[in-house]
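Engineer: Chain residues, written in single-letter form:
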Amino acid sequence: MTTTEPTADKRGTTLINHWQCGVPVTQGPVLTPFLLLLIGIAALGLALAAIRFFSPLGPFSGMNDVYAWGIWKTFNVMTLTALGSGPLALGMAAWVFNRQKLHVVMRTALVSGFLFYATGLIALGFDVGRPWNFYSALMPWRWNSESAMLEISICMPLYCAVFLSFEILPLILERVYYTGNERARVILCRVAPMVRKAYPFVIVGAYVIPLMHQSSLGGLLLLAGTKMNPLWQSPVLPLLYLVAAALCGFAFTILLLMIVCLRYSRDLDAGILAELANLLSGVCFVFLAVRLSDLIWREQLRTAFAFDRMSLLFLVESGLILIPALALRFQRIRETPRALLNMSALACLGGMLYRFIPTSIAYMPARSTAYFPSAPELVMAAGYIALGSVAFVLVINYFAVLPGEASAWNHTFRPFGWPRKAAESSPVMPDATGVTLERGI
Amino acid sequence: MSVALRRRQAFKVMIGLGGTAASAMLPGPAQAERTAARSAESTTEEHPAHPVAPPDAIAMLYDNTICTGCKACMPACNEANSLPTDTLLSGGIWDMPLGLNAKTKNIVEPYQDPQTDEFAFVKKQCMHCLDPACVTGCLFGALVKQDLGAVTWNSSLCIGCRYCEVACPFEVPQFQWQNWNPKIVKCEFCYDQRLKEDLQPACTAACPTGTVIFGKRSDLLAQAKERISTAPDKYFEKRVYGEYEAGGTQVLYLSSVSLQKIGLPKLGSTSIGHYATKVTSVIYKWLVGPVVVAGIFGFFIRRNWDRHESERLEHEEKTGYPDQL
Ligand code: SF4
Ligand code: SF4
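Note that the protein sequences, when read in sequence, are chains F and P.
Note that my numbering has the first sequence beginning at 13, numbered continuously upward.
Note that my numbering has the second sequence beginning at 332, numbered continuously upward.
Bound conformation, chain F alone (with noise of 0.2 Å):
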């Protein structure tokens, strides 16, 4: 990994310091009442799903057959699987397309994006009738090949729990390392060049994999068709999801790094947040030079420019993509965290409404119904959310997942109370005592 040079402060604020690789959050305590206040919902969403087990769907959402799609289809996951394509965004730009500076927030990105798509997991096994019918995946010869919702129930599992864990792997190898006992150390020494060997050749299934199933996610949408208003049914929908997804999945993750790092007062690194607010700039282009020239090529322009509700809706939803597109252009405002901070929140928002509308507000077919989300499907949507965002404090908290200095890496760190017996021999830092580092993974 390359060595980030320090970035000059150009804006007299706290962008100094240099990420150099994953560490643990270790100052405070860990359940604040916020979090305690997260546990609760998601206890009460899990809880509401527990019974939802048992009940038929009708009373606990406001789906009709109309709109046979609630907000945990539409939203949990064609929405949020977007933000989670942190991995898929970062990764190709880090190992297809050699950024190798960012490598040290691939594990942030990873993070968040196995929480959703766990979560978004989750919440398809509790929206779906007739789950246990769902064993026919193990079946080939049952498949429907040119359906896409195969593609994605076949993909999206096996993406989160083989490839994306896969890549998750050493985070979690190297904590048992640090902490765990002698045995535990053997056994790893010895499966580490493992996972090493086979490292480089799993991950090409997690970049192609995601490709396929989040373009697929644009592909259901077109056995819609006009049900769906013009302005979004289009035969480039597929791309232009997968556009989206690249779009959340950096800006989210800008988002994400800087929320975090506001959180537990930590340092800002300019050269790679900048990097990522150039990438973000740049898929935001592409996504915008896609959509317009879609929106011609079908002679929809009149149409998304007639000013009625739909049109407007189209209007702010490109216009929240724009303003990042246009602003990050400038070294000025990526390198000032405030204004970098609100871009990449915009541009999360222009890219979670584009990925939302087309199932929800776009989505008309002739039958007059309403639908919107009942509490109980709200309160278990949300619940999911909040399942993820425990998951993801209790990870940063106990593994080396978000960006810093490796000099803030205390490896003596012990997790949940675990013995000290083994933190004794464990391998220190070396400028503390000056013996050399044992590898981990």
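Just so you know, the hints here were simulated from the structure itself, not pulled from any lab data.
All figures in this text were calculated on a predicted structure; none of them were measured in a lab.
There could be a bad hint or two in this list.
Just a sample of chain F residues kept apart from chain P, beta carbon distances all over 12 Å, derived [what the hints assert, rightly or not]: (1) G40; (2) L60; (3) D77; (4) G192; (5) V203; (6) L223; (7) L249; (8) S277; (9) E287; (10) L334; (11) T381; (12) V391.
Under 10 Å between C-beta atoms, here's a sample of chain P residues computed to sit facing chain F [to be verified]: (13) N432; (14) C499; (15) G626; (16) G629.
The C-beta atom is built at its ideal place from N, Cα and C for all residues, glycine as well.
Keeping the supplied structure of chain F fixed, place chain P with the ligands upon it in accordance with the hints.
Structural biologist: Chain P with the ligands only, in chain F's frame:
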């Protein structure tokens, strides 16, 4: 015919999954079937833009200039499908559904123009599309286009994702929201109950006026066109709804009033399955697209991985800090 098609699709997936390695290890029969499948595919596209009805395709023709709104077909349908009556609106007395729903596979709806005294009836049920969007979307093939063209649902393959409801342009499939073991409720042309025993569907059998009749699609189409040519002014737009809609359907309509007013959507003549799969079917054919992308990614990732490794070792030597992935 459709059974063979499904087998072939499944086979395609299996071959694609195993990838090139599997095909190298599986010579003989697999190879033969593969080439056979390919040659079959090059001749018959799975989702042509304008599907042609097979010669044995059956159909229903509904002519609302004859319909008296007696609704005899509705209890007949309920009986044939053992459906409960929907008595919510009538306080438990009559079967009074407001539209197709989890208890109603077939309904006659009245239409009256609020200004003029123009009125008409329309009978709604599954249209049994020639290239059904619901079948294209259903992931494990719970919905199948059977022989003769009936579109049926199989409870043991459905996961209840409700994609069929999103996909169907006529909003036909209905989901049992109040059932813990929910089923998809839709007209199946009485396939299991009656068609298999050479009986016509319950609704056409029950219709006392001959408004809705059963027969071969080609015959009914010809008959409908003849009715139009004998009395052209009687029929809206002088055309048969369902001849080309969404690639053509196996339920045909003749109407005296505007089709959109009675709730039949305005659709293009291209099959929706064709629109949705024309690009992806090329990319995913034999999984060639993903495999090629994986190859390209693999090349770059390997290269960058080697760079990463050498830099890691160098960095570790220089600073003593271990590197992380
Ligand atoms: S009308 Fe709807 S449910 Fe019936 S075959 Fe066509 S797409 Fe399927
Ligand atoms: S709800 Fe059932 S029948 Fe409808 S698409 Fe999903 S699996 Fe197929």
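Engineer: For each hint given before, does the structure comply? Return the numbers of the non-compliant ones in rising order.
Structural biologist: Those not satisfied are hints 3, 6, 7 and 11.
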